[in-house]
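J.: Residue numbers (my numbering), protein chains in the order written: chain A, 1 to 69; chain B, 70 to 437.
It is worth saying that the hints were derived from the structure and are not from the lab. None of the values given here were measured: they were computed from a predicted structure. We treat Cβ as the ideally placed atom computed from N, Cα and C, and that holds for glycine. Please note that a few of the clues may not be correct.
Sample of chain B residues at the chain A side, in silico, Cβ under 7 Å [to be verified]:
(1) Ser-109
(2) Pro-136
(3) Asp-164
(4) Thr-215
(5) Thr-216
(6) Pro-218
(7) Gly-219
(8) Ala-222
(9) His-267
(10) Thr-270
(11) Arg-322
(12) Val-323
(13) Lys-331
(14) Ala-332
List of simulated lysine-lysine pairs, DSS-like, C-alpha gap at most 27 Å [claimed, not checked]:
(15) A/Lys-28 to B/Lys-325
(16) B/Lys-430 to B/Lys-126
(17) B/Lys-167 to B/Lys-359
(18) B/Lys-359 to B/Lys-331
(19) A/Lys-28 to B/Lys-331
(20) B/Lys-430 to B/Lys-167
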Amino acid sequence: MCLAVPARVVEITDEQSCRVDVGGSTLKINRVLLEDVEVGDVVLVHAGFAIEKYDPDTAAEVLDLLTGQ
Amino acid sequence: MNLQTGYGTRSDCERYADQIHTLAGDLPDRTFHLMEVCGSHTMSIARHGLKALLPDKIKLLSGPGCPVCVTDEGYIDNAIRLARTEGVILTTFGDLMKVPGTQTALERVRSEGADVRVVYSPLDALEIAQEHPDRRVVFAAVGFETTAPGIAATVIQARDEGATNFLILPAHKLVPPALRALLDDPACRVDGFLCPGHVSTIIGSNAYEPVVTDYAIPSIVAGFEPTDILEAIPMLLRQIQTRQPRVETQYHRVVKPEGNRKALETMYAVYEPIDAVWRGIGPIPKSGLKVRETYAAHDAYAVFGISDAPFFKEGPCRCGDVLKGIIGPRECSIFGTACTPRTPLGPCMVSSEGSCAAEYKYGTGGEA
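Isolated chain B, as found in the complex (with noise of 0.2 Å):
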């Protein structure tokens, strides 16, 4: 794959650079916040050094948007309580095997015996259930909208093919719901949203109407590549200086308004909302997924009679203001020295799309 020639030319950014110089020299003279939700763009930002493009007046921070970042403690202890449980076979995403719980991460439960295993897709945990009919095989189901419909089609699969034994730890969260709790914190310093461009292909670029009509916050669907975000950016700066929030997407590539209907309707057949806690944020309600009864003979809460124990972590790691974008990484005060990618005390340490992982790795100015 050749980026330099396509999406990402050189000219390309130096244009969209040019122009963000010139709206923000038109801004008033005060610094503004632009927020990525996304851990994919945050590493987009990273990696290609974006932020040394930006005027000093326009800071990116980083959002809540990555999943395994705001995945409770709770949850965690619960994955590990199955993975030690006799015939069980806990599958997840290879980002949450670092993780830590109250006591210790999924990782090193592998390292002392449980049969963890690192999955690609849902349909792989599957999989593995239909060669061990003997075996109960839990799937840690985490994920934004992106990656619930999948996971969702997976378990009606097994319905289907009557593999009882296949069941799901959901831990989904939703995007809309966690962007009206960052805008109603009094702390919350965001003047717009690039909003995640895969979660929107699922949910559409309409989802986010709610938001902007009720907190007036300029908001772009942007995508991936560096050229994206620095042609989301001036978008959203055009919206600042004309006072005139609103939706509009620059990653028309696969966003479309309604966005995805079918895979919206798999999700809401499998789910339906639920009140969350995001680890360092705290309950948002209706910002989660839970299994419907009709599918609970999937769902390993309902089997295993378990349920989360929300836990709020007292101690210098302040992944939870990191996450909310009041603080940058680097204003933490353990960031580099007690918390490191090798000894990750918060999740955005451990996640390899955490802001905390992110800075320390490409260390291009994570200062709020």
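Same shape as in the complex, but just chain A (with noise of 0.2 Å):
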């Protein structure tokens, strides 16, 4: 139930919420539980909510299993 899914933050839409990529697909998501979101950044989303950030170290490497490479 505690599933949740990186995606990588591809446009900030308000002060709400953003748009995330998850392995090609977009959608819509709220982050107003993080503090800074920015484009670029890969977010751990659960029901709708961005509810960590990866660490930039680890990001990279979340991206790469994200997209296949």
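Put the two chains together into one complex; each comes in its own frame, and the hints tell you how they fit.
T.: Next up, the structure:
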């Protein structure tokens, strides 16, 4: 039930939301649980909310996983 | 997504498996029980057949970390009562649909005509409320610390946007108090915890320090890929071997010592801790969340004037013992016979992340 997936932020849409890319699909998620979210961040998404940002050192590795490279 | 070439390389798995065998060989000659607290860990372990890589003396036990499995019958009955109430739309995560209350389940109530809708996010439930201002929309708010902050944020948004017809029926559970309750049980045989990764993104690894200090129990916050779990096990075994129990984090990618402060602030702005009943286990002090007075207008308990009647079912189902790691699923007399995923008698078989469902589907050594 605590399933959560990594996603790359592609657009900041408004004060509360952003668009993320999950394996090629784009969806709008809520970002009010995080302080600063910027385009390019890799976030953990659970039930429509970004709940944490990935450590920048491992974000690249997680992105490789997402894109299957 | 290609998990075969990322975190899940075969050589990594083999290396960790070798470490586990070496470390286990140096431990005293008895069985060591490691509990994966989280249902997502249980599923990952079963799906990837990780138990087959472990030496005989290292056993993995499933814990109470599936919020659906530990949701009490009395709560389900209340959700059903509200679903049958004129003018109410009951919204829920899909996991809860098949879970039986004392009489029936939400899925059956929906087939009888009640307006029960499955949503992916509490924000979807709020949207339904805004589309139907003439109906009251109740969201069955089940989940651990991972889920509660998002639901709290939704309640705040509902208040700010004047959606007075959006209500929640909370049955949240908190993980650290449950770990204490497990360790307090004289039948407990846990030698170390694999702590839930995504709960820990919110509460932080520091949240386990008091439990580890009080009970001297080795604890590793672990991720969910096979390699994450296999990396965490030798970390636990080293703590057991050196008798230096502490909290360590394997899942550094998203878990910080302090957790997500903003999420915690949001959660505690809307909720306060309350004693809660865990299905199959019983009441655990301060292990749940209730809506604060400030947000009572969005609290279905307050608005409808209801409370959960805790219900303890007498019967052959031993989900309580399974949730506490006292027995494995196959030691229950009705496992796979009277109780199957098609005809579940207990919550561990209903939930897709339940340990009985995992054992039934993957059958990879659920013996204790």
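J.: Which hint numbers does the structure go against, in order from smallest to largest?
T.: Violated: none.
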